[in-house]
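Engineer: Chains L and R are the protein sequences, given in the same order.
Each residue of the first sequence is one higher than the last, beginning at 1 in my numbering.
Each residue of the second sequence is one higher than the last, beginning at 1001 in my numbering.
A portion of the hints provided could be inaccurate.
[As the list claims (entries may be wrong)] Below, a sample of chain R positions facing chain L; criterion: calculated Cβ distance under 10 angstroms: (1) 1135; (2) 1190; (3) 1198; (4) 1222; (5) 1323; (6) 1325; (7) 1340; (8) 1411; (9) 1457.
By construction, these hints were calculated from the structure, which means they are not laboratory data.
Beta carbons are placed, not taken as given, at the ideal position from N, Cα and C, and that holds for glycine.
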Amino acid sequence: MGKQGAMIKKIARITCLLMTLLLVFISAPCWADYPSKNMSIIVPTGEGGAMDRVIRAVTNVWRDHLGVNFQSTFHPGASGEVGYMFFCKRPADGHTLLAGNIAPEMMMYVLQEPDFKFPDDFVYFASMDSDPAVLWVRKNGPIQSIQDLVAEGKKRPVNIATSRFPHPSTLAVLLLGEATGAQFNIIPYGGGNPARTAGLTGEVDAVTTFLSSSLDFTSEINFIVMFQNENKWKDISQHAPTPQEALGVTIPEFGGNRAWAVSREFKDKNPAEYEKLVSSFKSAFEDPKLQEEWKKVGMDPQFLEFRDEEESTKLAFEIIETAKKYQEILKGKK
Amino acid sequence: MWEMTLNSLSQVMSSWWLIPLGVALGIFVGAVPGFSSTNVLIILLPFTLGMETGPAMAFMSSLYSGSHMGGSIPAVLFNVPGTGAAAATCFDGYPMTQQGRGQEALAIAFVASAIGGLFTTVITYGALPYLSKMVYYFGSIENFIIILFGVALIGQITGESALKGLMAGMFGLLLGAIGYDHVYSVPRATFDIVYLFDGVPRIPAIVGLFAISEAMRMIEKDTIIDASQLSTSLKEGWQGTLRGIRVSFQKIGAIIRSSLIGFVVGIIPGAGATIGSFVSYQQAMVFSKDKDQFGKGAPEGVIASEAANNGLTSGTLIPLLTLGIPGGGTAAVMLIVLQTHGVPVGPRLFQVMPHLAYEVVMAMLLAYIVMVIIGVPLAKSLARMSFFPTKALAPTIISFTLIGSFVARGYLFDMWVALFFGVLGYILKRTGYSPHAILIGVILGPMAEQYFLRSMLLGNGNLSILFSRPLGNFLWVLLVMSMVLPTLTNFLRSRRASR
């Protein structure tokens, strides 16, 4: 019995040791060989939109540089808040990314005061494009220029469609109204497609949106102003003037910047893995294949513009400051 | 035109096998609660992006058409509407099954789907470029009024008592108001639950109210079918299918009318199949001579919903192909494929690649023919599923619907929502309140609110904006007539009878 008992104890000890080693073996690769599994992307907008197309283009190249595939899930709702909330609840293991648009989503952050904190909960480690806010009218409509629009806005409230209230193009139009004395009545349509439809069918006088999302309709619409200090996209935007060029007024630049975010905790605890993630994206961005993929999904390579974490974070804080400054206007209280 | 027809037919036939494949997959996807054609097309994107544009579009439009027909199968047999579009099919399809007429109901659903879809697809083929102009006449005001046709059903399907029906409808509208408001994103009754920010999830609410509550009631009986009808139904051969086909052809006028309603709703971007089938059901009730039979197993009810949601599919293609505007989720996925292949959508499509638009419509036309061949003979075998004992059916239905609730958005929370609505539906049914009225409130309430608020913004808060457009005013007149005329006709009829 004594010998047998000792044997059983020995077997039990070896089994425990093996089990422990197995557990260590199972959990260790997560950090030893990052990424150890496919990357999950949370998208705070719906499928089928511009962000969906951009993600497909970028991940088709990025997967070759990071060595794993990407899987997107779409969590639209509450101007992006739903997607960000889910992203912040996911494990901070660096295998979940968020693909968002800095400007509209940081405006949502200020206006809706959600339950996550920026930059405590996540970092925008890179942004990949620069898409200016524009205002357009339909070609056969009564208004054909920004001067017409402002003149009409001084006679009556002019209806302008936007995808949602917390959006840089909405703020741009409201500030243009303040600067010129025109009355602009903002109508949020809950998405880019319905807003563009309202513009094309003549339900509203004009539409404010990002340039890239309206390029498919250039044969039917006129871009009447671009909310930038200088139009760097002249050939694709029908040489739309800036507010300064058209009306002599200065308002801040507004646009969108599609960006990638990862958990702050992951970045702080795993600097080497974080660096691998960032550098793989940078090399994918510099890969000539990206331009081809970008074109394939109907986007113009002119929008591609890389910003690193520092620049993206700076941009996000600038948007937060602007949104705070004009939050009364954006909340419709002024 | 004939040359174009022959060309597009030969193009589609060069990859003909994709059409039955798409239809069969669509029927399967539609029959599984929670799955939708949009979800599956997204999953299959790598496959369709790798194909040539024409075959890819043919496959996608076949799958889309098939999914609407597939949705009717669980709706008729088990009161499980896989999608919002099939919810109205349950109203009469399931009572028919309970009466032992499941085979007939399925045959009616399949024939109405196929004829309705064929009819509107032929119209689309013949007048594609001209129909795009219709999009310009429908704005937020017209959409709001169209949704009101569906909301009016609350007053018309009141169940045992009008007061209880209206109370249920109001409760549904209140539930529908949960979530961030559509203009200023102000949270309402979300209790800080992130899953409710976008409102009460539709699929879990539908399957809970209809399927789970019904599964709970099923346990009280041995089979779905009334005991008195069971032995007759078990012996039935193809008679049910033949009866269904005959009834469908007798009511061909109703199929045409319902498919046209669906078609018009389909052309309006953003309206969707749910609105189409509810509006069509409401209109069928108004025009029917047997209004009292609605909700109790009226074949017209099944026809109204199924012909409308299939009549809608070709309508959805019109804004996509002619204007480049995707009217719904499935059209948005099709747009990705078109853009990835460098196809210029919108008016330029007819200048650069006019054949492609006709190929897509031709594929849909063939898909509906395939649907008749695949679907109708299946009615007999499918109907036999309703003979299964409830002790096996009820847990299966609950399991499937819970999975379906999860699949739609991928949140575990949605399974709890389905269970909540299941228990609620069970209590409502036991106490004589109408779960249909609640459902209409939950589904159509937020849509009506969204279009109403938008109309108010367009009119700077002035209610008169709702009466400022000719088409809108015409729709108002139709709406009032559809609500007043049945009462007036009944009154006159009873007066005449008393004389």
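Engineer: It remains to establish, for every hint, whether it holds in the given structure.
Structural biologist: Consistency of the hints with the structure:
1. 1135: holds (6 angstroms)
2. 1190: holds (9 angstroms)
3. 1198: holds (3 angstroms)
4. 1222: violated (42 angstroms)
5. 1323: Interface hint status for residue 1323(R): holds (6 angstroms vs cutoff 10 angstroms).
6. 1325: holds (5 angstroms)
7. 1340: holds (6 angstroms)
8. 1411: holds (9 angstroms)
9. 1457: Given a least distance of 5 angstroms, the restraint on residue 1457(R) holds.
Checked against the numbered hints given earlier, this structure breaks only hint 4.
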